[in-house]
Amino acid sequence: MILWFTLAQVVLAVVAGLFCVIAGLAGRRPSDVSVGSLALVELLLIVQIVAAVIAPFAGNPPSGSALEFWVYLVSAALLPVAAVAWALLERSRWSTVIMGVAALSVAVMVWRMQVIWTVQVA
Amino acid sequence: MSASSRPRMSGIGRVLVIVYAVMALAATGRSFVQIVERFDEAPLAYALSALAALVYILATLALVFAGSARWYVVAWVAIVFELVGVLVIGTLSLVLPALFAHPTVWSGFGYGYLFIPLVLPFLGLWWLITHRPGVRLERAAEVAA
Chain W
76 MILWFTLAQV VLAVVAGLFC VIAGLAGRRP SDVSVGSLAL VELLLIVQIV AAVIAPFAGN
136 PPSGSALEFW VYLVSAALLP VAAVAWALLE RSRWSTVIMG VAALSVAVMV WRMQVIWTVQ
196 VA
Chain R
5 MSASSRPRMS GIGRVLVIVY AVMALAATGR SFVQIVERFD EAPLAYALSA LAALVYILAT
65 LALVFAGSAR WYVVAWVAIV FELVGVLVIG TLSLVLPALF AHPTVWSGFG YGYLFIPLVL
125 PFLGLWWLIT HRPGVRLERA AEVAA
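Keeping their order, the protein sequence lines are chains W and R. By my numbering, the letter at position 80 of the first sequence is numbered 155, and the numbering carries on one by one without gaps. By my numbering, the letter at position 72 of the second sequence is numbered 76, and the numbering carries on one by one without gaps.
Just to be clear, a hint being listed does not mean it is correct.
Unchecked claim - Distance ranges between label pairs, derived from CB positions:
| hint | chain 1 | residue 1 | chain 2 | residue 2 | range |
| --- | --- | --- | --- | --- | --- |
| 1 | R | Leu100 | W | Arg104 | 47 to 57 Å |
| 2 | W | Val122 | R | Leu58 | 27 to 37 Å |
| 3 | R | Thr134 | W | Gly134 | 49 to 59 Å |
| 4 | W | Gly111 | R | Leu129 | 33 to 43 Å |
| 5 | W | Ile124 | R | Leu91 | 35 to 45 Å |
| 6 | R | Val123 | W | Phe132 | 36 to 46 Å |
What the hints contain is simulated information worked out from the structure, not anything from laboratory work. The C-beta atom is built at its ideal place from N, Cα and C for all residues, glycine as well.
With the hints as extra help, turn the sequences into a complete structure.
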């Protein structure tokens, strides 16, 4: 993984997550902005998937468990899709909160992926 | 008031279900990796991880269907199991660290998951107590508004 890209991804997911949680609690229904922020989070996850496929061939292999890394990455990539699908089906303020929770979960998972890729403690 | 007459998940209950679903996903993914890669290293801890994951999946489903009396009971059992699990394993992992050298969802009261496993059962039980099946609460309508 590439550290600066990971950091950008975590920052974006945290910002999108906080925005959606706050907007949802303030009573906003899913809007172009909140759904768009989730779409952006998903876009970066797809870029990350492509990068993770290419990186080992470019001399940047994962130092930890590749299986664990991919389980995280695939799960993370499914979250924004599921949250947005929910938001489209059910346009209530709580759907906005749910999108926020999904984005924050992605932030945690991406950071965990970075740790699996680079740092080995055990 | 919503026009719908059948009992269903409303308002913040949905957010709770999503948090449960995310925990179920995280616990399942992790225990899958642990069991595939190194089950023989710590059969107890990893079997426990898998059990915890199954209970999260069960709790998620039970919360979704908690409108029916049978699932309501399942939700209680699953969430109480979880609460006992996180308290017992959390305490054991601090008192007898040798027993739990390998991480589970519940080690250290779930610190690896931002203590969400510790907080979640309390929220789940609160939701169950305030949303008995068949009892239509005025507060529920308020919250959903």
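So the hint says 36 to 46 Å: do the beta-carbon atoms of valine 123 of chain R and phenylalanine 132 of chain W match that?
holds, 42 Å
Checklist entry - Is the hinted range of 27 to 37 Å satisfied by the C-beta distance from valine 122 of chain W to leucine 58 of chain R? => result Because 34 Å falls inside the window, the suggested range holds.
Notebook entry, point to check: Between isoleucine 124 of chain W and leucine 91 of chain R, is the Cβ distance one that fits in 35 to 45 Å?
Noted result: With a Cβ separation near 38 Å, isoleucine 124 of chain W and leucine 91 of chain R satisfy 35 to 45 Å, so the hint holds.
#### Entry: Verdict for glycine 111 of chain W, leucine 129 of chain R (Cβ pair) under range 33 to 43 Å
holds, 36 Å
Q: May I ask you to test the hint 47 to 57 Å on the CB atoms belonging to leucine 100 of chain R and arginine 104 of chain W?
A: holds, 50 Å
**Item:** C-beta pair threonine 134 of chain R, glycine 134 of chain W: status relative to the range 49 to 59 Å that was hinted
**Value:** holds, 56 Å
Of the numbered hints given earlier, the model fails none.
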